[in-house]
Amino acid sequence: MAQPKDFGYGEEQEMLKDSARRFMEDKQPLLALRASIKGTEDPYFGESRTGSYDKAVWNEMIGLGWTALAVPEAAGGVGMNLVTAIAVAEEVGRAGMPTPLTSTLQSTFVLRESGTDSAMSWLSKIAEGTSMALAIYGEDGSLEADSTDITVSNGKLNGTSWYVQDLQKIDSLLVAAKDEGAVKLYCVDLKVSGVDLQFDRIVDLTRDQGRVTFNDVSAECVCEDGASTLQKAMPALLTLISADIAGGCEWLLQATAEYAKVRTQFDRPIGFFQAVKHPIVNMMILGDQTRSLVYAAACAYDTDPDNSHKAAHLAKSSASDTAEFCANRATQLHGGIGFTWEHDVQIYHKRVMHSQQLFGDGIWQREKAATYF
Amino acid sequence: MASTETTEQREFREYCSAWLIEHKPPPTKIPLPQAAYEVTSEDHRSYLVDWQAKCYEAGLIATDVPKEYGGHGHDHFQQIASTEVRRANAPYFINWIGLGMAAPTLLAHGTEEQRKTFLPPIFSGEEIWCQGFSEPGAGSDLVSLQTSAVKDGDNWVVNGSKVWTSLGHFAKWMLLLARTDKNDRYNGITYFIGPMEAQGVTVQPIHKMTGESGFNEVFLEDVVVPDHYRIDEVGKGWQVAMSTLTNERGAGTGVGAIANSESPFAAIEQLIALAKREKRNGRTLWEDPVWRDKLIKLYERTEAATQNFRRLGVKELNGGAMRIPLQGKLTGSELGQALHQTALSMLGMKSSLYIGDPNAEEDGRWALGYMNTYTGTISGGSSEIQRNILGERVLGLPKTK
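From first to last, the protein sequence lines stand for chains A and B.
Counted from 1, the first sequence has number 258 at position 258 by this note's numbering; the numbering is strictly sequential.
Counted from 1, the second sequence has number 552 at position 179 by this note's numbering; the numbering is strictly sequential.
Heads up, a few of these hints could be off.
[As the list claims (entries may be wrong)] In silico lysine to any residue, SDA-like type, Cα no more than 25 angstroms apart, as pairs:
{"hint": "1", "chain 1": "B", "residue 1": "Lys774", "chain 2": "A", "residue 2": "Val262"}
{"hint": "2", "chain 1": "B", "residue 1": "Lys649", "chain 2": "A", "residue 2": "Lys125"}
{"hint": "3", "chain 1": "A", "residue 1": "Lys5", "chain 2": "B", "residue 2": "Pro698"}
{"hint": "4", "chain 1": "A", "residue 1": "Lys5", "chain 2": "B", "residue 2": "Arg459"}
{"hint": "5", "chain 1": "A", "residue 1": "Lys191", "chain 2": "A", "residue 2": "Asp216"}
{"hint": "6", "chain 1": "B", "residue 1": "Lys774", "chain 2": "A", "residue 2": "Phe266"}
{"hint": "7", "chain 1": "B", "residue 1": "Lys772", "chain 2": "A", "residue 2": "Thr371"}
{"hint": "8", "chain 1": "A", "residue 1": "Lys5", "chain 2": "B", "residue 2": "Gly686"}
{"hint": "9", "chain 1": "B", "residue 1": "Lys688", "chain 2": "A", "residue 2": "Ser19"}
{"hint": "10", "chain 1": "A", "residue 1": "Lys232", "chain 2": "A", "residue 2": "Cys221"}
{"hint": "11", "chain 1": "A", "residue 1": "Lys261", "chain 2": "B", "residue 2": "Glu381"}
{"hint": "12", "chain 1": "B", "residue 1": "Lys652", "chain 2": "A", "residue 2": "Glu367"}
{"hint": "13", "chain 1": "B", "residue 1": "Lys667", "chain 2": "A", "residue 2": "Asp267"}
{"hint": "14", "chain 1": "B", "residue 1": "Lys555", "chain 2": "B", "residue 2": "Lys545"}
{"hint": "15", "chain 1": "B", "residue 1": "Lys440", "chain 2": "B", "residue 2": "His396"}
{"hint": "16", "chain 1": "A", "residue 1": "Lys5", "chain 2": "B", "residue 2": "Leu671"}
{"hint": "17", "chain 1": "A", "residue 1": "Lys5", "chain 2": "B", "residue 2": "Val687"}
{"hint": "18", "chain 1": "A", "residue 1": "Lys5", "chain 2": "B", "residue 2": "Thr380"}
{"hint": "19", "chain 1": "B", "residue 1": "Lys652", "chain 2": "A", "residue 2": "Trp364"}
{"hint": "20", "chain 1": "A", "residue 1": "Lys5", "chain 2": "B", "residue 2": "Arg683"}
{"hint": "21", "chain 1": "A", "residue 1": "Lys5", "chain 2": "B", "residue 2": "Glu381"}
{"hint": "22", "chain 1": "B", "residue 1": "Lys667", "chain 2": "A", "residue 2": "Asp216"}
{"hint": "23", "chain 1": "A", "residue 1": "Lys156", "chain 2": "A", "residue 2": "Ile202"}
{"hint": "24", "chain 1": "A", "residue 1": "Lys261", "chain 2": "B", "residue 2": "Phe682"}
{"hint": "25", "chain 1": "B", "residue 1": "Lys688", "chain 2": "A", "residue 2": "Ala255"}
{"hint": "26", "chain 1": "A", "residue 1": "Lys5", "chain 2": "B", "residue 2": "Ile728"}
{"hint": "27", "chain 1": "A", "residue 1": "Lys17", "chain 2": "B", "residue 2": "Gly686"}
{"hint": "28", "chain 1": "A", "residue 1": "Lys5", "chain 2": "B", "residue 2": "Glu387"}
{"hint": "29", "chain 1": "A", "residue 1": "Lys17", "chain 2": "B", "residue 2": "Leu671"}
{"hint": "30", "chain 1": "A", "residue 1": "Lys261", "chain 2": "B", "residue 2": "Glu765"}
{"hint": "31", "chain 1": "B", "residue 1": "Lys649", "chain 2": "B", "residue 2": "Gln714"}
{"hint": "32", "chain 1": "B", "residue 1": "Lys688", "chain 2": "A", "residue 2": "Ala2"}
{"hint": "33", "chain 1": "A", "residue 1": "Lys125", "chain 2": "A", "residue 2": "Asp216"}
{"hint": "34", "chain 1": "B", "residue 1": "Lys774", "chain 2": "A", "residue 2": "Pro269"}
{"hint": "35", "chain 1": "B", "residue 1": "Lys772", "chain 2": "A", "residue 2": "Glu367"}
{"hint": "36", "chain 1": "A", "residue 1": "Lys5", "chain 2": "B", "residue 2": "Ile403"}
{"hint": "37", "chain 1": "B", "residue 1": "Lys609", "chain 2": "B", "residue 2": "Arg665"}
{"hint": "38", "chain 1": "B", "residue 1": "Lys774", "chain 2": "A", "residue 2": "Asn282"}
{"hint": "39", "chain 1": "B", "residue 1": "Lys774", "chain 2": "A", "residue 2": "Asp216"}
Honestly, the hints are just simulated from the structure, not real lab data.
Whenever a hint applies, use it, and build me the whole structure from the sequences.
So, in structure tokens, the structure goes:
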């Protein structure tokens with residue numbers, strides 16, 4: 001129950017966060033994104049959109065050791081904790097960066113919780129740069145860890161997994177499958193035969209998503225007790241996505257505040273008017289609440305497992321509501337320009353609202369949190 | 374709780390917690406009001422002054438203040454003592470304006486003589502302080518205050534009136550802002566130590582919407598204030614006042630437990646307990662997902678306040694020195710109000726029953742508390758003013774005058 005007062009956030013974390021921030025600012029991911037999606041704007045007549053990202057930038061991120069960050073040292077990783085991982089995830093969110101990093105970090109924490117030899121060998125691959133995403137949702141998008149529609153018999157996977165994130169960017173999947181009712185976890189290389197990918201057309205431009213159908217696919221079991229392992233890793237999954245939201249909402253706050261200083265109407269910068277000023281302050285207040293709860297949740301996961309679920313549900317509850325509010329106010333207060341494709345507000349708006357639903361929105365999280373009272 | 378504590382800090386924490394267990398006084402016959410600013414009875418006054426004096430003597434107040442000013446001369450121990458006082462659920466300190474505002478102001482701006490004279494009786498509770506900022510015509514627009522101070526030899530002659538003066542009926546001293554130059558809005562204000570027992574001072578209680586009194590209107594008629602009661606230079610009053618308000622808004626480090634009423638954590642925990650026993654249609658409110666959602670949202674906001682405070686200790690994660698501290702008063706008071714509104718809603722028809730009704734839940738404390746939350750959202754710069762300050766000072770938005 002002894003949690004460090006400083007969340008375990010020290011010099012090392014700050015240096016990493018700072019370098020992640022400078023790296024992503026330097027790469028200007030949104031410029032690259034815009035170039036790659038040119039011509040896909042129109043949902044009726046536009047070209048089909050691909051989950052574009054800059055593979056060279058991703059290779060640089062691997063080179064910087066970010067996939068190895070949370071991989072245990074025994075598997076060739078750096079062995080850092082969740083507080084360290086969310087420092088990077090927050091910067092990914094602030095940059096709105098299209099990258100399979102968050103999915104890969106989430107998979108890493110599930111494999112860590114499993115801890116089997118086979119899980120460790122997949123963790124070594126991640127440390128070397130293999131990206132991975134979670135395939136745990138069924139068609140109804142139910143948020144329970146054991147809601148998968150995939151079945152397994154004689155070591156072969158069958159069925160379809162829905163809402164898989166970053167499907168066009170990743171190398172491998174961590175799949176939840178039912179073996180006569182018991183959920184087990186499997187790792188699959190995306191290139192093996194029998195794996196069929198269908199890409200969704202989604203609102204968020206910075207991510208991609210899709211369905212994966214398995215036809216008698218041989219896969220390696222990395223965990224026999226999948227339901228409880230997913231449950232143990234859930235605080236890490238929730239906290240990572242909440243950190244991404246915290247970063248994105250800080251961008252929305254700063255962009256809106258800057259706009260309110262330069263946009264003039266009725267002979268004054270619009271930030272002079274309290275009808276504009278006060279909601280911007282409210283964005284900051286909600287963002288700060290989320291940020292504090294996110295660091296608290298990460299610290300609870302790292303040092304105080306008994307309280308980690310409650311803390312993570314509170315963090316994602318706050319993050320989800322903050323996402324909705326900040327996206328809404330940012331677009332509204334930017335006025336007409338905020339409603340256009342041209343302005344970056346729409347990109348962040350869509351990203352944080354996608355994140356709002358990932359692993360359950362605020363209402364879902366509060367219902368989960370209530371079980372700890 | 375904190376693994377980063379030094380041995381000395383841990384020992385001091387253990388000392389505070391043991392001392393509080395041993396010395397926490399038995400409750401008063403008539404329950405204390407919910408907050409220090411509502412104390413009006415002489416019994417409560419002497420009980421609370423006695424308690425504050427004991428805590429001061431034990432080293433729980435003025436812990437980090439240098440010894441020459443009556444403090445205990447430690448370094449970074451005050452927060453430990455304050456946390457333990459809150460944790461022990463001990464009575465509040467009646468001289469909260471003295472501790473929270475007068476002492477930090479005197480330490481930062483007072484003369485050597487003022488510090489040596491005024492600080493020790495602030496700490497012991499022997500001399501109660503009140504705040505003379507607001508006037509009938511100067512509330513949120515504080516800088517328009519009209520009470521005047523005119524120099525007369527070595528003295529100043531003060532005329533005017535102050536309003537919403539909490540503890541004015543017990544106070545020996547007032548943090549007094551008066552206009553010394555009618556032609557300079559900001560630089561025409563000077564800060565004084567106002568003698569409440571001087572000739573020409575009349576204190577008249579004001580009754581709040583709760584029916585309680587506790588604050589006052591104070592009339593100042595040719596009140597003589599010696600020049601050595603002036604704090605800082607003539608015309609510097611506004612700047613000094615801003616530093617006092619920083620303390621009032623929860624940003625200051627303080628010299629004693631600032632909390633003058635119960636913590637929101639206690640409130641949300643009581644609300645959840647209430648939900649588990651209060652019934653509608655044969656089931657408890659807690660069995661209703663709508664109520665669970667509402668209550669967990671409030672718990673989340675309460676927890677966020679605690680974690681914001683914790684994040685203050687990690688500079689790199691603050692996004693600027695004043696960003697989190699300046700939110701404290703605004704979010705704390707609005708959370709308190711939401712908690713009380715929710716309690717009334719949970720009580721349903723029972724929320725109509727007030728103090729003195731035999732069927733009232735906890736003798737009407739939720740209704741009383743609800744009404745009193747407006748003290749938090751209006752005084753010390755209303756929530757609207759707080760949002761202006763945050764927008765302007767933290768986000769750099771244009772000033773709303």
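Hints and how they fare:
A threshold of 25 angstroms between alpha carbons decides the hint, and for B/Lys774 with A/Val262 the separation of about 18 angstroms falls inside it, so the pair holds. Of the supplied pair hints, the one linking B/Lys649 and A/Lys125 is violated, its CA atoms being roughly 50 angstroms apart against a limit of 25 angstroms. Using a Cα cut-off of 25 angstroms, the hinted pair A/Lys5 and B/Pro698 holds, with the two alpha carbons roughly 17 angstroms apart. For a cut-off of 25 angstroms, the pair hint linking A/Lys5 to B/Arg459 stands: about 18 angstroms separates their Cα positions.
Taking the CA atoms of A/Lys191 and A/Asp216, the gap is near 14 angstroms; set against the 25 angstroms cutoff, the hint holds. Restraint check for B/Lys774 and A/Phe266: the C-alpha separation of about 16 angstroms stays at or below 25 angstroms, so the hint holds. A hinted pair counts as satisfied when its Cα atoms are at most 25 angstroms apart, and B/Lys772 with A/Thr371 does not qualify at roughly 46 angstroms. For the proposed pair A/Lys5 and B/Gly686, the alpha carbon gap of about 8 angstroms is at most 25 angstroms, so the pair holds.
Distance hint between B/Lys688 and A/Ser19 is fulfilled; the C-alpha atoms sit about 17 angstroms from each other, no more than 25 angstroms. Taking the CA atoms of A/Lys232 and A/Cys221, the gap is near 18 angstroms; set against the 25 angstroms cutoff, the hint holds. This hinted pair does not check out: A/Lys261 and B/Glu381 have alpha carbons roughly 49 angstroms apart, beyond 25 angstroms. In summary, the hint linking B/Lys652 to A/Glu367 is supported, as the alpha carbons are separated by about 20 angstroms, within the 25 angstroms threshold.
Of the supplied pair hints, the one linking B/Lys667 and A/Asp267 is violated, its CA atoms being roughly 42 angstroms apart against a limit of 25 angstroms. Proximity of B/Lys555 to B/Lys545 is assessed by CA-CA distance (about 28 angstroms); at most 25 angstroms being required, the pair is judged violated. Proximity of B/Lys440 to B/His396 is assessed by CA-CA distance (about 24 angstroms); at most 25 angstroms being required, the pair is judged to hold. Restraint check: the Cα-Cα separation between A/Lys5 and B/Leu671 comes to about 23 angstroms, which is no more than 25 angstroms; the hinted pair holds.
For the proposed pair A/Lys5 and B/Val687, the alpha carbon gap of about 9 angstroms is at most 25 angstroms, so the pair holds. Proposed proximity of A/Lys5 and B/Thr380 is supported: the alpha carbons are some 15 angstroms apart, at most 25 angstroms. With a CA separation close to 24 angstroms, the supplied pair B/Lys652 and A/Trp364 stays within the 25 angstroms bound. Our distance criterion of 25 angstroms between C-alpha atoms is met by A/Lys5 and B/Arg683, whose separation comes to about 7 angstroms.
Taking the CA atoms of A/Lys5 and B/Glu381, the gap is about 17 angstroms. The hint holds against a cut of 25 angstroms. For the hint linking B/Lys667 to A/Asp216, the alpha-carbon distance of about 46 angstroms lies beyond 25 angstroms, and the restraint is violated. With a CA separation close to 30 angstroms, the supplied pair A/Lys156 and A/Ile202 exceeds the 25 angstroms bound. For the hint linking A/Lys261 to B/Phe682, the alpha-carbon distance of about 29 angstroms lies beyond 25 angstroms, and the restraint is violated.
The hinted pair formed by B/Lys688 and A/Ala255 meets the criterion: a straight-line CA distance of about 23 angstroms does not exceed 25 angstroms. Our distance criterion of 25 angstroms between C-alpha atoms is broken by A/Lys5 and B/Ile728, whose separation comes to about 41 angstroms. Restraint check for A/Lys17 and B/Gly686: satisfied, since their Cα atoms lie roughly 18 angstroms apart, inside the 25 angstroms limit. Distance check on the hinted pair: A/Lys5 and B/Glu387 sit about 18 angstroms apart at the alpha-carbon level, within 25 angstroms; holds.
About 31 angstroms separates the Cα atoms of A/Lys17 and B/Leu671, which puts this hinted pair outside 25 angstroms; it is violated. Note on A/Lys261 and B/Glu765: the hinted pairing holds, with a Cα-Cα distance of about 11 angstroms set against a maximum of 25 angstroms. With a C-alpha separation of about 18 angstroms, the suggested pairing of B/Lys649 with B/Gln714 holds against the 25 angstroms cut-off. Distance check on the hinted pair: B/Lys688 and A/Ala2 sit about 21 angstroms apart at the alpha-carbon level, within 25 angstroms; holds.
Between the alpha carbons of A/Lys125 and A/Asp216 the distance comes to roughly 24 angstroms, so the proposed pair stays at or under 25 angstroms and holds. This hinted pair checks out: B/Lys774 and A/Pro269 have alpha carbons roughly 14 angstroms apart, not beyond 25 angstroms. As the CA atoms of B/Lys772 and A/Glu367 are separated by approximately 42 angstroms, the hinted pair breaks the 25 angstroms bound. For the hint pairing A/Lys5 with B/Ile403, the CA-to-CA distance comes to about 39 angstroms; that exceeds 25 angstroms, so the pair is violated.
Restraint check for B/Lys609 and B/Arg665: the C-alpha separation of about 51 angstroms exceeds 25 angstroms, so the hint is violated. At most 25 angstroms may separate the alpha-carbon atoms for a hinted pair to count; B/Lys774 and A/Asn282 meet this at roughly 20 angstroms. Distance check on the hinted pair: B/Lys774 and A/Asp216 sit about 71 angstroms apart at the alpha-carbon level, beyond 25 angstroms; violated.
When the structure is compared with the earlier hints, violations turn up for hints 2, 7, 11, 13, 14, 22, 23, 24, 26, 29, 35, 36, 37, 39 and for no others.
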